[in-house]
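Visitor: Below, each chain spelled out in residue letters.
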Amino acid sequence: MSDYRITGETGEWEVVVGLEVHAQVVSNAKLFSGASATYGGQPNEHVSLIDAAMPGMLPVLNGEAVAQAVRTGLGLQAKINLFSRFDRKNYFYADLPQGYQITQFEFPIVGTGLVKTELPDGTAAQVGITRLHLEQDAGKSLHDQDPKRSFIDLNRAGVALMEIVSEPDIRSPEEAGAYLRKLRQILRYLGTCDGNMEEGSMRADVNVSVRKPGEDYRTRCEIKNVNSVRFVMQAIEAEARRQVEVWEAGGTVDQQTLAFDHVKNETRPLRSKEDAHDYRYFPEPDLLPLQITQEWVDGLKAALPELPEEKRARLEGDYGVTPYESGVLTAEQPVADFYEATVWGPDFASHKGQKAPEDIARLAANWMLGDFFAALNRTGTHVENSPVSALALRELLSLILDKTINGKIAKEVFETMVERGVAGKPTSAKAIVDEKGLRQVTDTGAIEREIDAVLAANADKVAEYKSGKDKLFGFFVGQTMKAMKGKANPAMVNELLKQKLS
Amino acid sequence: MTNSTATSTKPTKLTDHTLASARDGLRNKDFTALELTNAFLDAIERLDGQINSFITRTPEQARQAARQADEAIAKGQAKALTGIPLGIKDLFATKGVRTTAASRILGDFTPPYESTVTQNLLDDGAVFLGKLNLDEFAMGSTNLTSAFGGVENPWKRHGSDAKLVPGGSSGGSAAAVAAGLCLGATGTDTGGSIRQPAAYCGITGIKPTYGRCSRFGQIAFASSLDQAGPMARTLQDCAILLESMAGFDPKDATSVNQPVPRYEAALGRSIKGMKIGIPREYRVPGMPADIDKLWQEAASWLKAAGAEVVDISLPHTKHALPTYYIAALAEASSNLARYDGVRYGMRAERPSLDEMYEATRAEGFGEEVKRRILLGTHVLSSGYYDAYYLRAQKVRTLIQRDFLRAFEEVDVILTPTAPSGAFAWDEKPTDPVQMYLNDVFTVPASLAGVPALSLPGGLDSQGVPLGLQLIGRFFGEEDIIAAGHVVEQAAAFATTPKGRPALHASH
Numbered sequence: 001m002s003d004y005r006i007t008g009e010t011g012e013w014e015v016v017v018g019l020e021v022h023a024q025v026v027s028n029a030k031l032f033s034g035a036s037a038t039y040g041g042q043p044n045e046h047v048s049l050i051d052a053a054m055p056g057m058l059p060v061l062n063g064e065a066v067a068q069a070v071r072t073g074l075g076l077q078a079k080i081n082l083f084s085r086f087d088r089k090n091y092f093y094a095d096l097p098q099g100y101q102i103t104q105f106e107f108p109i110v111g112t113g114l115v116k117t118e119l120p121d122g123t124a125a126q127v128g129i130t131r132l133h134l135e136q137d138a139g140k141s142l143h144d145q146d147p148k149r150s151f152i153d154l155n156r157a158g159v160a161l162m163e164i165v166s167e168p169d170i171r172s173p174e175e176a177g178a179y180l181r182k183l184r185q186i187l188r189y190l191g192t193c194d195g196n197m198e199e200g201s202m203r204a205d206v207n208v209s210v211r212k213p214g215e216d217y218r219t220r221c222e223i224k225n226v227n228s229v230r231f232v233m234q235a236i237e238a239e240a241r242r243q244v245e246v247w248e249a250g251g252t253v254d255q256q257t258l259a260f261d262h263v264k265n266e267t268r269p270l271r272s273k274e275d276a277h278d279y280r281y282f283p284e285p286d287l288l289p290l291q292i293t294q295e296w297v298d299g300l301k302a303a304l305p306e307l308p309e310e311k312r313a314r315l316e317g318d319y320g321v322t323p324y325e326s327g328v329l330t331a332e333q334p335v336a337d338f339y340e341a342t343v344w345g346p347d348f349a350s351h352k353g354q355k356a357p358e359d360i361a362r363l364a365a366n367w368m369l370g371d372f373f374a375a376l377n378r379t380g381t382h383v384e385n386s387p388v389s390a391l392a393l394r395e396l397l398s399l400i401l402d403k404t405i406n407g408k409i410a411k412e413v414f415e416t417m418v419e420r421g422v423a424g425k426p427t428s429a430k431a432i433v434d435e436k437g438l439r440q441v442t443d444t445g446a447i448e449r450e451i452d453a454v455l456a457a458n459a460d461k462v463a464e465y466k467s468g469k470d471k472l473f474g475f476f477v478g479q480t481m482k483a484m485k486g487k488a489n490p491a492m493v494n495e496l497l498k499q500k501l502s
Numbered sequence: 001m002t003n004s005t006a007t008s009t010k011p012t013k014l015t016d017h018t019l020a021s022a023r024d025g026l027r028n029k030d031f032t033a034l035e036l037t038n039a040f041l042d043a044i045e046r047l048d049g050q051i052n053s054f055i056t057r058t059p060e061q062a063r064q065a066a067r068q069a070d071e072a073i074a075k076g077q078a079k080a081l082t083g084i085p086l087g088i089k090d091l092f093a094t095k096g097v098r099t100t101a102a103s104r105i106l107g108d109f110t111p112p113y114e115s116t117v118t119q120n121l122l123d124d125g126a127v128f129l130g131k132l133n134l135d136e137f138a139m140g141s142t143n144l145t146s147a148f149g150g151v152e153n154p155w156k157r158h159g160s161d162a163k164l165v166p167g168g169s170s171g172g173s174a175a176a177v178a179a180g181l182c183l184g185a186t187g188t189d190t191g192g193s194i195r196q197p198a199a200y201c202g203i204t205g206i207k208p209t210y211g212r213c214s215r216f217g218q219i220a221f222a223s224s225l226d227q228a229g230p231m232a233r234t235l236q237d238c239a240i241l242l243e244s245m246a247g248f249d250p251k252d253a254t255s256v257n258q259p260v261p262r263y264e265a266a267l268g269r270s271i272k273g274m275k276i277g278i279p280r281e282y283r284v285p286g287m288p289a290d291i292d293k294l295w296q297e298a299a300s301w302l303k304a305a306g307a308e309v310v311d312i313s314l315p316h317t318k319h320a321l322p323t324y325y326i327a328a329l330a331e332a333s334s335n336l337a338r339y340d341g342v343r344y345g346m347r348a349e350r351p352s353l354d355e356m357y358e359a360t361r362a363e364g365f366g367e368e369v370k371r372r373i374l375l376g377t378h379v380l381s382s383g384y385y386d387a388y389y390l391r392a393q394k395v396r397t398l399i400q401r402d403f404l405r406a407f408e409e410v411d412v413i414l415t416p417t418a419p420s421g422a423f424a425w426d427e428k429p430t431d432p433v434q435m436y437l438n439d440v441f442t443v444p445a446s447l448a449g450v451p452a453l454s455l456p457g458g459l460d461s462q463g464v465p466l467g468l469q470l471i472g473r474f475f476g477e478e479d480i481i482a483a484g485h486v487v488e489q490a491a492a493f494a495t496t497p498k499g500r501p502a503l504h505a506s507h
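Here the protein sequences come in this chain order: A and B.
The UniProt record's numbering numbers the first residue of the first sequence as 1 and each following residue consecutively.
The UniProt record's numbering numbers the first residue of the second sequence as 1 and each following residue consecutively.
A couple of the hints might just be wrong.
Capping the alpha-carbon separation at 20 Å, the derived lysine to aspartate or glutamate pairs in EDC-like fashion look like this [said to hold, decoys possible]:
| no. | chain 1 | residue 1 | chain 2 | residue 2 |
| --- | --- | --- | --- | --- |
| 1 | A | Lys461 | A | Glu448 |
| 2 | A | Lys140 | B | Asp354 |
| 3 | A | Lys436 | A | Asp470 |
| 4 | B | Lys251 | A | Glu64 |
| 5 | A | Lys89 | B | Glu363 |
| 6 | A | Lys148 | B | Asp354 |
| 7 | A | Lys89 | B | Asp354 |
The hints are simulated quantities; they were obtained by calculation from the structure and are not laboratory data.
Please read all numbers here as calculations on a predicted model, not as lab measurements.
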């Protein structure tokens, strides 16, 4: 889908996009203070003396935030810089208590890396990562609490952010969306960022320019703080359209900072050039340069969780699922865990790298992509608080495999399990089968008796069948199953019917 | 040069004690901590109206602490500083006590926290008499930039009543110690702010190795240079104080995790075979003859004690001052950005945020601080960063290298502390650059981060004290204390400022 083009009066235009994603680090404390980094809370509830920049306070680097940045770098197949340094970026703003932001400018902790993406149509693409650096977040101005004054909430001030900067490798809104989703998936797998865009723990600055295909880059504009994948895609479209119009009208696109208004679906200038900041960066003198060892990085690497790519390949190889199924099953780690627990039981991790029994692996994949997800959607639940646990589903599937019930009865049992799970009374498949007397009948004699009765009651249809109306076979199966309340083993019904009718 | 010999160890007045002798007196129960504290509170009451060394006095708190000290002594639980009355430079945050940095912009700021250095002193039983005056945000060489008025040096020139400056920025600390208003004081040194005022006021001060004392709770001027240190009448007193102040602090990422030696034990250590370097670049043109003479004399005292004196070179010395002013002011402009009127301190109410910032900072900061913020902002601004800040960083490395090389050859470097003795308030140079030259001998050691001390060597022809500086290698505090002690003994500086009794002894 790299052939995304905007058609203007002068022909086709290509869009060039690079993203700067701010991802909040999952950690108990802020980047340079012991204050909680929890989202929410009363204004200024999570603020230490350091975050409020009280006189004489000094930053102390949170080692876990550094580890999280390194893990993320490893997940992005990036170069980890053993030497990095913090710098001060100086500017005045009411919600920036120190009057400067501590960030990494010249020497970031993570260098170039790569994210492999997949577009909805299955096309593979890749986006280069320029760098990842650690920095502290600013606070928040509250403008709606008082008619005359603004208030400042410093709960976010000092929270650790990873700024992940991509190369301008993105050529369409869809690619941007795919990149963001993939990045979020990787961060969530790593447990380094919860990727929750609504709570602002992941937000993107979008750099957009347009050009005639084959040209050099033209001037780019930066759309600040876009907080959903959908808005990022819309903003790119809107901004690219705007730029094409400007160029085609004979104008020049000025480099500027924009905001995206998703209601009006347009970008608009955030600040003018006259306010352009001279940030006056210099090395943060309150912190020594950050030096980490290769051994430490190797240790983090060894303890890294399996990432989506690897997991996908493994599920396809060891479980025989299709690429489509593996994509769905690995979209979120808890889903993959649920699937593997359904196949192997609770100690699924110990089976890593083993071929799964094909019958249950296939059955579990079918069930999850079918009835299971449908039930989650219907009940508004998520895999982690599913009304039916992986073990309960596993038991249900095992009842199918050992022929205690057939697939049709299993659906009925599953629905009962969902109902009871939602009601807070989870019941095992076996209990429901027993309770409702749903055990499959595999007694040849019993099935034969019912078949005989069905054939006797439909002598005319038997005659039609014998005269060549093959389609009626299904009718006889249905009648037999109905007579046996669906509990007959369908394969045996088929086989015995064939014998009787031949 | 007035050399007098101590003849008695029993001062007639409590305020005549050194910190060490007061410590012994308290333990021998010659007097109580409350008596000692009251004696100093009385002295402050009587003399500080003129000297103006205290911004905030805390007599109630001091008496309370003294009573606790007496209880501890009675129980035999005296610690290193139990019952010792000290003054605290008003750059250290003190819990529940107004902390101003001598600036209007902090208003009535009263921190809910204690700086690590002052906490260490309190943990050792010290009694705080109050907060001492300084140059605003520790910026200045005269202590005339304080929003609370200038401090007067207790010393006078022969036959003159002219008010002399105490030096800066720890001028309040130096003057209070010299005038006998406390037994010791904390100072901070960024480019010489402990050593230069110690020299001007005839007392002793140590700027320890950068990282030796925590900067937590110390209001920042230039983070990569600021270092707390002790100021007192004698080297022994400084050693006792430094031992208490120093130490690793997990709250300061630049503090060094190394055990604190027993500095007091370095006093009297033999300096036989020690190599003393005399840097030729410190012989600046126009240096007063008194200072040159004292410098040579000090070298001969060290030689007489068995040290070897050698000429050395610190080739980048002449670049130290401009380098210092670029590095320090760049950091200062950033460190002082937090005083924006939003969260604490004074605020000038204005309709918009930008106007509020501008008015708050315009009204809150004094001239010198504003000048330095402007310079610091300028050297960091785009288009000038490479020419100034980056270049200064490189030169700073060269200056550090000068010292590292020199210390391959020598153990201690001996220089004067300042190019002159204290000058009068009205002789203050109007040209700020001329003013900055006061720091010319102290700044290089600050840029290098190495320890240095100043002690009084004698008096100039007009009868005001002159200081000698000893510079050591990283964490070489014990070397400079040992060598300094030899100089101190030989100089036998016992002259006291006019208007107050003898420091060490009656004679």
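Visitor: All hints are to be evaluated individually against the structure, with a verdict given for each.
Guide: Evaluated hints:
no.: 1; hint: A:Lys461 <-> A:Glu448; result: holds (18 Å)
no.: 2; hint: A:Lys140 <-> B:Asp354; result: holds (17 Å)
no.: 3; hint: A:Lys436 <-> A:Asp470; result: violated (35 Å)
no.: 4; hint: B:Lys251 <-> A:Glu64; result: holds (17 Å)
no.: 5; hint: A:Lys89 <-> B:Glu363; result: violated (25 Å)
no.: 6; hint: A:Lys148 <-> B:Asp354; result: holds (16 Å)
no.: 7; hint: A:Lys89 <-> B:Asp354; result: holds (19 Å)
In summary, the structure is inconsistent with hints 3, 5 from the numbered list given earlier, while agreeing with the others.
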